[in-house]
Structures are given as structure tokens and as C-alpha cells.
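J.: As a plain string of letters, each chain reads:
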Amino acid sequence: MNALKRHHAPARFPVLAALSVAAVLMVLPFLVVALNAVKSPAEYSANGPLSLPEGIHLDGLRDFWQRVDFGRKLFNSALISGSVAVLAALLSVLNAYAIGIGRVKGRPWVLAFFVLANMLPQEALVYPVYYLSKQVGLYDTRLSVIIVFTVIQSAFGTYLLSSVLGAFPKEVIEAARIDGANKWQVLWRVVVPVSRPTLGVLLVFFFIWTWNEFLLPLVMLISNDNQTVSVALGVLQGQRLMDATMTNAAALLGVLPAFCFFLIFQRTLTRGIAMGAVK
Amino acid sequence: MSSHSKAPLLRRREYPYALFLLPGALAFLAVIVVPFLMNTGISLTHWQGVGSPKWAGLDNYRTLLDDSAFWESFRHSLAMVVAMAVLPTALGLVLAAALFDYVAKHIGTRTASVLRACFYLPQVLPIAVAGIVWSWILAPEGGALNEALDAVGLGSLRHDWLGDPDFALYSVMAVMVWVQLGFPLVVFMAGLQRADPSLHEAAELDGASWWRRFWHVTLPQIRPEISVVLLWCTIAALKVFGAVYVLTKGGPGGATNVPSYFSFQSFFEKTQVGYGSAVSTALTVIILALALVALRLQTRAEDQQR
Chain A
1 MNALKRHHAP
11 ARFPVLAALS
21 VAAVLMVLPF
31 LVVALNAVKS
41 PAEYSANGPL
51 SLPEGIHLDG
61 LRDFWQRVDF
71 GRKLFNSALI
81 SGSVAVLAAL
91 LSVLNAYAIG
101 IGRVKGRPWV
111 LAFFVLANML
121 PQEALVYPVY
131 YLSKQVGLYD
141 TRLSVIIVFT
151 VIQSAFGTYL
161 LSSVLGAFPK
171 EVIEAARIDG
181 ANKWQVLWRV
191 VVPVSRPTLG
201 VLLVFFFIWT
211 WNEFLLPLVM
221 LISNDNQTVS
231 VALGVLQGQR
241 LMDATMTNAA
251 ALLGVLPAFC
261 FFLIFQRTLT
271 RGIAMGAVK
Chain V
280 MSSHSKAPLL
290 RRREYPYALF
300 LLPGALAFLA
310 VIVVPFLMNT
320 GISLTHWQGV
330 GSPKWAGLDN
340 YRTLLDDSAF
350 WESFRHSLAM
360 VVAMAVLPTA
370 LGLVLAAALF
380 DYVAKHIGTR
390 TASVLRACFY
400 LPQVLPIAVA
410 GIVWSWILAP
420 EGGALNEALD
430 AVGLGSLRHD
440 WLGDPDFALY
450 SVMAVMVWVQ
460 LGFPLVVFMA
470 GLQRADPSLH
480 EAAELDGASW
490 WRRFWHVTLP
500 QIRPEISVVL
510 LWCTIAALKV
520 FGAVYVLTKG
530 GPGGATNVPS
540 YFSFQSFFEK
550 TQVGYGSAVS
560 TALTVIILAL
570 ALVALRLQTR
580 AEDQQR
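Protein chains in written order, with this note's numbering: chain A, 1 to 279; chain V, 280 to 585.
Some clues are possibly wrong.
Cβ-Cβ distance ranges computed for the label pairs, FRET-style [unchecked claim]:
#, chain 1, residue 1, chain 2, residue 2, range
1, A, Arg103, V, Arg502, 26 to 34 Å
2, V, Val431, A, Gly166, 54 to 62 Å
3, V, Gly530, A, Gln66, 28 to 36 Å
4, V, Thr550, A, Gly200, 42 to 50 Å
5, V, Val456, A, Leu50, 19 to 27 Å
6, A, Ser45, V, Thr578, 54 to 62 Å
7, A, Leu50, V, Leu357, 32 to 40 Å
8, A, Gln266, V, Gly421, 31 to 39 Å
A partial selection of chain V residues facing chain A, derived with a Cβ cut-off under 10 Å [what the hints assert, rightly or not]:
#, residue
9, Ile406
10, Leu498
11, Gly555
Hints in this document: simulated from the structure, not taken from any laboratory.
Values in this document were obtained by computation on a predicted structure and should not be read as measured data.
We treat Cβ as the ideally placed atom computed from N, Cα and C, and that holds for glycine.
Chain V with its partners taken away, still in its complex shape:
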């Protein structure tokens, strides 16, 4: 707007900046907008994926509300939020603070960055590969965990970690904490770098304990990072698919099913495409609502920084 008026007078045939949006807009239309609208449309039909869809109105959504399997998968989503957002954020905060103002200051920045790298490593792994690693470690016979328990004389704790309905969800949660921990840690450490060190030093001189400094100085300084990380991780947790596919296929008996895997099953295993679309549409609504909150928080955090 303002830069337009300042453009040189002699410009011939100037195309508007909006033209640069054209390729992106067309690509988005074809790959995101049209499929998304189609998915919503399909959710209002009964369709096996072949033949023509039959109009069903809100039938699928009504079925959804009464489907205990769906609600169970949704409860597992909340467990995933704990495993992928709440626990990694809490652990990441303590680890980041310990690495930043303990290890880095009193032992050396090299040690701190080596430790940080160890925690971050699982983050670069394809989730399918993480799944293979862990499904072998957690295997009932010959798996590394059970063998290790035997070796230290705790053989009575042996379990079929992924095959026992009472343990499968907790096992998957533990794997997800391992996968996810590095992300909050790295973000928080970067946030701490931006924080003002003098506040911390003042608190230290006043004799505040490490815990008090952590709670009253460190945490408030990186509050924007904390809320953003929590929301990003929550969204990632609601979308989790690959880990469930590779580790348990939603089993045993639906004990680890999540909405995204539930919709995948409806699409490609049960060929209830209309129903699968309803599940994924419901999931989308929840995620987009959270994403909007995340956006609001983020713009507010940016305004505060200015």
C-alpha cells in the first residue's frame, strides 16, 4: 500500500504484488481446499469408495456420537496430549533450566550442548523407525526391556508391553515422551538465551534457592515459549498416527486406538469412507480451534516483545 505510492513514476506495465501469490493460491486450491471441502462433503454421505455416494445428512455424525469405539479413541487422544505435550513440557522446562543455568554456567557450554543433543536426537528420527526400535525393545520374548529386567533380577516385572491391553497405552505414551522431549527442551533453551541474565543474578545474590529462581524468574521469562510449545505439541498429539500404526495398529482390542488411526481404518480397511470422513472432520474442527488459540497467543506474545 504505502510502497506503491513511492514507486518511480516512469514504471511501465507494473504487475501487482498479488500476482506472486497466484502459483501458491492455485496449488493450495488443488491440494488443500478442494480435498478438504470434498472430505467434508463425503462426511455427509454413505460411501464405500466405489459407486456413487448416498446422501446421509448428519447420519455419520449421529453414529459417531453413539460410537463407544470413537469415544475411546478420543480418550486415548487425551492420554497422548499428556504424553506428548504436558510431560515433555514439564520435563523440558526442568532440563532446560538445569542445562542452561547449571551445566552451561558451572561446567561448560560444550557439556550442555552435548547433553542437549542427546535429548534432541529422537526428534530427527522418522516415527516409523522409532516404532521399529521400540516395538523390538518392548517385545514380549527376546525384547531388550524384558531381558534387562531379567538380568537385574526383576524378572517378575516382565510384560507383553504392547500386547497387554492394560499396559499398551502406557507403553505407547512412554515411547512418545521419549520421541517428543527434545522439542520443548531446544525451544526453552533458546528462550532462556533471550532472557535477561541480570534478573537471575540479582535473585541469586538475594539468596533465592535454585527452585525459587526457577519458579519466579526463569518461568515467567519464557512464558510465551511455554504456551506456544504446549499448543503445538497438543496439536501434534491429536494428529498422532505413525507411532500407533507401527507400534500397535490401535490394538490390542482398540486399547491404543486414536482418532487419526480410527479414520484411517474406516477409509482403507473397513471402506466406510463417509464415516471416516466424519471422524477426520470432527478431528479437524478440534485441531483448528486449538490452532486459532495458538495463533492468538503467538501474536500476543510477539506484541509483548516489541
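So here's chain A without its partners, still in its complex pose:
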């Protein structure tokens, strides 16, 4: 081992090469899917999945798009995830304001409660939620999913924001209070504007997490008109009704939104993960 290290120079290339190979292996599935999504079925069956496409055939993509009414699924996913992101951030701020700045009694217990609620497996909620939503006429509505995920996501938001607000400078709040602002005004005019970076991270996370959710939307959204991208793809795959080209088209259409989020929010995502893990 001692002979190997000397200085970093000799081992530099092999390490970089090994890491690059590993990185290529990680993204290879995406590349292979993209290649095969633009092949015609005839080309696929003649040349197999590994050949480069001879031209760009968008038929598979178009067929799949129409077959599942993909535009509608995108709209549903965006509507549900967007509403959840905003509402859950709002709920998190209210909770965290009372816990982090108001320092309400029994604070550690309240916090522990929120964390545990976030850890709860959804399997332990799914049947009663399914049953209750049928009772109150919310079954198979996007609203039901919005309500449930607003609460689930806000549990994490409350936990994270409480510790951020716990370190909020007291003088700033007291100054605003002396100027005659009540608690509600302090929240909106002082605390929320100052916490904007953390709130941004939360919005991004809530949006993407909700977009990716599977179990509850699968159970709650059974009609075609209400399904999200994840559910529509998962259900089709489960039924195994698609040929290889269409499967790839479906996979590519599923990957693209995630890929866009990734490009837009890369910084926020990595910063947020670190924050969430260690805070």
C-alpha cells in the first residue's frame, strides 16, 4: 500500500478513469432509453436495443402520448405537486413560527410528533384515508391527494424550519414588536421574507417529492382524468400492455420532467439534502 501512494500523481489517472466508468454506468440506462424511444418498432425488432437509431421516429412517443393523454397527466401532476408545495410550505411556516420563535410549551414533544408523522409508513394510513375519503365524497379527486400530501410534507417542513427559526435573531423581532406590529404582522413582514432561502428549498423539495409519490395516488386516483404521471406509467407497466418501443417512449416521457427539475434545481437539491440530513 505504501508503494502505491508516494504522491498523488501516479494514481490520478486510474482513479479518474474508474470514477468516470462508474458515472457512465449510472447514466447509461437513461441513454439507452432515449436511443430506443426514437426507433420505429420495425427497426427495434430488426436491430435490437443496442443499435444506434437510423433516424428519429417520434411515432412511439406520439402514440404513447395520445394513448394515456399524457398532457392531462402532466397537468394533474403539476397541479397536485404545485398546490402541495405552496400549502405545505405555508403550514410549515405557521407551525415553525409557533415552535421556533414562539417557543410554545412542550416544544420537543411537538417537534418529535411532527418527525414521527413524517416517518410513518403510508401503508398505515392508506386504508383509513381511502375509506374516509369515500365517506366524505373526496375519493378519486385531486383535492384528496393535495390535502393528504400537504400534511405529510409539512411534517418535514415544520421540523426543518423550526430549527432554522429557532436561531432567528431575537432583536429583529423585538424591534418590530416595539414598532407596534402584532404577531401576525411580524410573521409576514419579518420572518417570512428573511427565511426566503429555506422556504425556496422546501418548495422545490415538496414539489419533487409529491411529483414522485406513488402508493397514495395509486390508491386514491383511479380515474384516467385524475391520474398523475407516476400512477399512469406505473399502472400501464404493471399491466404489461406495451411493446418495447412504446415502453421506452413511456420511460423517456417519464424521465424528461425529472431531468428538467434536476437541471433547474440542482443547486437547491444538493444544498437541501445536506440541510435536511444534518439539521
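Position chain V relative to chain A; hints supplied.
T.: Below, chain V without anything else, positioned relative to chain A:
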């Protein structure tokens, strides 16, 4: 408490801070607490989901203890813990250290962050989409993996990766490693940024090999991150559902069934709602116990940082 006493004297009609908890508390009651208690209650009954539940006491739990299918699904959970927590953490540590103090220092931070992005990419994918991608790659006929094996002359290794009971669990595990790897990597790289570089440099000057520095300097510095990541990933592994639903539906012959899918089946396919509730309640107890440990570790790690 302390800020109350300092509030200005002339304040009229001040409502307490606890009032801000009200909307959250009500929402939690309706969406988490009541359904959770209902689920626990249902687990003590026999119920098909229609008609009125019949009181069963601990019957379902007794059945559970004797149900080999449940225990098998639970063993698969442990396999998922290996695939989603142990392996990604171990690989993530080596990758993070290599990227951080090798690539970033001697080749460039841009290269390091491009590589990190490649490893992280699967993490932003909906699990259902990851399932579609992989069930096609692993398909027995025309799947990319088998075709690739043929192409390089290893055709004898062809398998029905997800359809063969001897291979299905390992295939699902491999997919989960791919899905999960980016999370520990990103957390560890962030942790290394907070670590003190002078220790590392001192060790380097003393002639410690890369491996020794990794083991004696890097690892101890990010120990809080390691335990938190391990526990978070373990909890995620115990909850895994979407991947199993899309890749194998628990099959073939229960070879990849996990408790969460097992309870889903009991609820919506076999309409044994009481039994499904017992399974999910048992799962909850295990997860919450782990979560409590995670909380303890986390608060201790924070105290150490202060």
C-alpha cells in the same frame, strides 16, 4: 416563555403563539392521527372492507406470527436494507472521499460536480419511472442487458432477471442500489466540506496513505452524517413499495414481496383489511422505533457540533 415577558406593555388583546399551531394540528388530526388510530383499531378486527368489522382481538397478529409468507417478505426487507442503506452508504463514502479529496483537489471542482450529478440523477426520478426503465432493461427477450451480454459473447449468462425466483430479488436489489446511491454521496460530500482540511493535510505530510487518511481522518469527521444516512436509508428501505409494484409485483411466487406490498395486497387484492392493517401496524412499530433512534443520534450529533 422568555420573549413573552419582554413584550411591550401596551399590547392589546395578544393571542398566544400556540394559536399558530391550530391549522396544522387540526390537519394532522384529520389526516394522520385519526387514520393511524383507525388502522390500529382495524388490525384488531376481521373485516373485508364492506359490512361491519368483527372484533378479533389479537387474532390477526397471531396469524401473522405463523404466516411464512409474511416472514419471507420481512426477510426481503432485510435484503432491501442491504441494497438501500448498507451498500449505498459504503459505496457513497468511497465515492465521496474520492471525488472530494482527489478529483476536486487535483483535477478540478467542475469535474467533481459533473460526476456527482451523474451519480445523483437517479434520485430525482419517480420510482415508477425507474421501474419502467429497469423492467425493460432486465426483460428476458429483447431486454438491453441480455442483448448486451450476447453482444460481448457472454450469452450464456442470459437470464429472466426479474422472472426467475433465484434472481429476482438480487435484480431488484441492484436496481435499488442504482436508485439510492446519490443520496449518501451528496450528504457525505456536504459533510466533507464542513470538515477541517488541516487535519487531512497534516496526515498527508506525515506520509499516510490515501486509505489510511480515509479511514482515520475522513470517516471520523463525518460520523454524524454516516449514522443519520444509514438510519434514514434503512427507514426508506423498510417502506419500499413503488419499485416492487412496478418491477415484480412481489413475484415470482413471492420471491420479492416486502411488507408494504404485502399489506397493499391484503387491503386491495385479497380484501383482508384487518390482516393488512396488522401487517402495516407491525411495520409502523419497527419504523418508529428506528426513527426514535435516528432522532436521538441526530440531537446528539447536533450537540457535539456546538
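J.: Next, verify each hint and record whether it holds.
T.: Verification of the hints:
For the hinted restraint 26 to 34 Å between Arg103(A) and Arg502(V), the CB-CB distance of approximately 30 Å keeps it satisfied. Separated by about 57 Å at the C-beta atoms, Val431(V) and Gly166(A) satisfy the suggested range of 54 to 62 Å. Take Gly530(V) and Gln66(A): their Cβ atoms lie about 31 Å apart, and the range 28 to 36 Å holds. About 44 Å separates the C-beta atoms of Thr550(V) and Gly200(A), a value consistent with the hinted range of 42 to 50 Å.
One distance hint, 19 to 27 Å for the beta-carbon pair Val456(V) and Leu50(A), holds here, with the actual separation near 23 Å. Under the hint 54 to 62 Å, the C-beta atoms of Ser45(A) and Thr578(V), about 59 Å apart, fit the expected range. Range check, Leu50(A) to Leu357(V): about 35 Å between beta-carbon atoms, so the 32 to 40 Å window is met. At roughly 34 Å, the beta carbons of Gln266(A) and Gly421(V) sit within the given window of 31 to 39 Å.
Satisfaction of the interface hint for Ile406(V) is found here, the shortest Cβ-Cβ separation to chain A being roughly 6 Å, below the 10 Å cut-off. With a cut of 10 Å, the hint placing Leu498(V) at the interface with chain A is violated, because the nearest CB-to-CB distance is about 16 Å. The restraint placing Gly555(V) at the interface with chain A holds, with a minimum CB-CB distance near 7 Å, inside the 10 Å limit.
Of the numbered hints stated above, the single one contradicted by the structure is hint 10.
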